[in-house]
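**Q** Going by our numbering, the first residue of the sequence shown is number 675, and it counts up by one from there.
Rather than coming from a laboratory, the hints here were simulated on the basis of the structure.
Just to be clear, a hint being listed does not mean it is correct.
Claimed, not checked - List of simulated lysine-lysine pairs, DSS-like, C-alpha gap at most 30 Å:
hint	residue 1	residue 2
1	LYS706	LYS771
2	LYS1056	LYS969
3	LYS722	LYS800
4	LYS906	LYS680
5	LYS1017	LYS969
6	LYS722	LYS706
7	LYS679	LYS906
8	LYS892	LYS906
9	LYS921	LYS892
10	LYS771	LYS722
11	LYS800	LYS837
12	LYS921	LYS906
13	LYS1056	LYS1017
14	LYS837	LYS706
15	LYS679	LYS892
16	LYS969	LYS927
17	LYS892	LYS927
18	LYS771	LYS800
19	LYS800	LYS706
20	LYS837	LYS771
21	LYS722	LYS837
Everything numeric in this text was worked out from a predicted model, so none of it was measured.
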Amino acid sequence: MLSIKKRLITMTVTAATVLIAISWSLIFAESKHEIDEIFDARLGQSAKLLALSAPQLLMMPPEQLELFYEQWYQGISNHAGLDDDDPTPYGHPYEQKLMFQLFSASEGVLLRSPAAPPTPLSVPDKIGYHPISFDSQLWRSFQIRLPSTAPDQEAAFLIVAEKQAIRDELIDDIAFSTGIPQLLLIPCLALAIILLVNYIMQPVGELQQALSRRTINKLHAIQVSQPTIELKPLIDQLNYLLSELDKAWVREKRFTHTAAHELKTPLAVLRLNAENALASDNPTDLQNDLTHILKGIERTDRLIQQLLMLARVEGGNAFPFNETDLMACLRDVIGSLVPLALKQDQNLSLDGPDTLMMDANGVLLTSLFSNLIDNAIRYAGKNADINISVTLQSEDWVAIRVCDSGQPIPDMIRERIFEKFFRANTERGDGAGLGMSIISDIALLHGGDIVLEGNQTASGNCFLVTLPVHRALNQ
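Based on the provided sequences and hints, a complete structural model is requested.
**A** Encoded structure:
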């Protein structure tokens, strides 16, 4: 697995090294070009000066010229010593790497320097710059034709040559002097890049350490001392995920605790009734025990369904919302609860339009009204009237009222009726105190609300559910 920090350092150092190498190559090429220009200009200038002096030099005896050169070169050798880089009063030791010839096609070499051979180095038609090979070495030469003083005078040519090694040595010195500092710059630059990358990547390392310290029991928000623009969205998203994970973990622990606590009592009652039934010899007592077992099973089943629904609603699951007929849903709920109402001699009625389409989740909507109407049937009492009315408050909102003619709910209970696990009438109900809480959560999930309206008469209760007709309003 590759490290971003190592990749960044490696790629940056590599890029810097390549750029330095390119820079050095450009400097080397430009230096070579300039050196060649300077040396070529010197060759040309020397050739022209010698060409102007050639007539006077030809008038001197060759022995005298050789004597002058011998004295000059001897003076250079005596003063130069072991070092050939320092100039002397007689000239520079590098002069031994220079030579010239004055020649004509018919007479051959007329005048030459001591280092030059007695035979012509070139041919008359090679005018200008060109390389020559002499004494197993490469020379750079410049040849010029001497101006004629008479029409019938034979043409003479002057060639000045310089060892190519002089230029190569100078170019190598320049390359070495410029390349060494740049080579030393690479490790310094690499060290600087490593320090800078480590400094810049500190927030990432801090984030990594903060994440490594998070456990299932330690899911608080991450804090970075130096957050960057690039890391802030990541930190915000991680904090959101940690918050949701913490909520889910709390819900799971609460659900497990609640299920264990709430199921313990009905299971104990079922066990007791089953033991009584097994030990009973009286048919009447046996029938009562079996009836109690069935009621206990119904209560346990209802409790499990409520716990599962609570877990689904609180879990924040994505429920699909589709176009749903609210009136058809209410009619189905009322139809399923009619047998319970008939046992209590109660009257169930529904008022509203024939159809009312809205964006909702049909399963959750059915659970909302099943719990609400079921509570009304259980607690309104015998011969009670239970009315469900549907009214469009506007084009966007619908109001559903579930009213009964039973005893008014006391003020103390009204304040806590939507709390989880709160049971108002333990002597009459057999639930876990989750029904009203589930109703409230489902209404909120749809973008709506539920309230227990205030008492306007001496009897009766009325729950008002307000829901949006269109999904866009609750997003």
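**Q** Verify the proposed pairing of LYS1056 with LYS1017, using a straight-line Cα cut of 30 Å.
**A** holds, 8 Å
**Q** Does LYS906 lie within 30 Å of LYS679 when you go C-alpha to C-alpha?
**A** It holds: about 19 Å lies between the C-alpha atoms, which stays within 30 Å.
**Q** Assess, step by step, whether the Cα of LYS837 is no farther than 30 Å from the Cα of LYS706, and give holds or violated.
**A** Holds, at about 15 Å.
**Q** What's the verdict on LYS771 and LYS800, does the C-alpha distance respect the 30 Å limit or exceed it?
**A** Given pair LYS771, LYS800 holds - Cα atoms ~22 Å apart, limit 30 Å.
**Q** Given the proposed pairing of LYS1017 with LYS969, does the C-alpha separation stay at or below 30 Å?
**A** holds, 15 Å
**Q** Verify the proposed pairing of LYS921 with LYS906, using a straight-line Cα cut of 30 Å.
**A** holds, 22 Å
**Q** Compare the distance between the alpha carbons of LYS771 and LYS722 with 30 Å, and conclude whether the hinted pair is satisfied.
**A** It holds: about 19 Å lies between the C-alpha atoms, which stays within 30 Å.
**Q** Taking only the CA atoms, is the gap from LYS1056 to LYS969 under or equal to 30 Å?
**A** It holds: about 20 Å lies between the C-alpha atoms, which stays within 30 Å.
**Q** Given the proposed pairing of LYS722 with LYS837, does the C-alpha separation stay at or below 30 Å?
**A** holds, 19 Å
**Q** Regarding the pair LYS892 and LYS927, is the alpha-carbon distance no greater than 30 Å?
**A** Holds: LYS892 and LYS927 sit about 15 Å apart, inside 30 Å.
**Q** Quick one, are LYS706 and LYS771 close enough, alpha carbons at most 30 Å?
**A** OK: LYS706 and LYS771 at ~19 Å, within 30 Å.
**Q** Is LYS800 within 30 Å of LYS837, Cα to Cα?
**A** holds, 18 Å
Violated hints for the displayed structure: none, as all numbered hints are satisfied.
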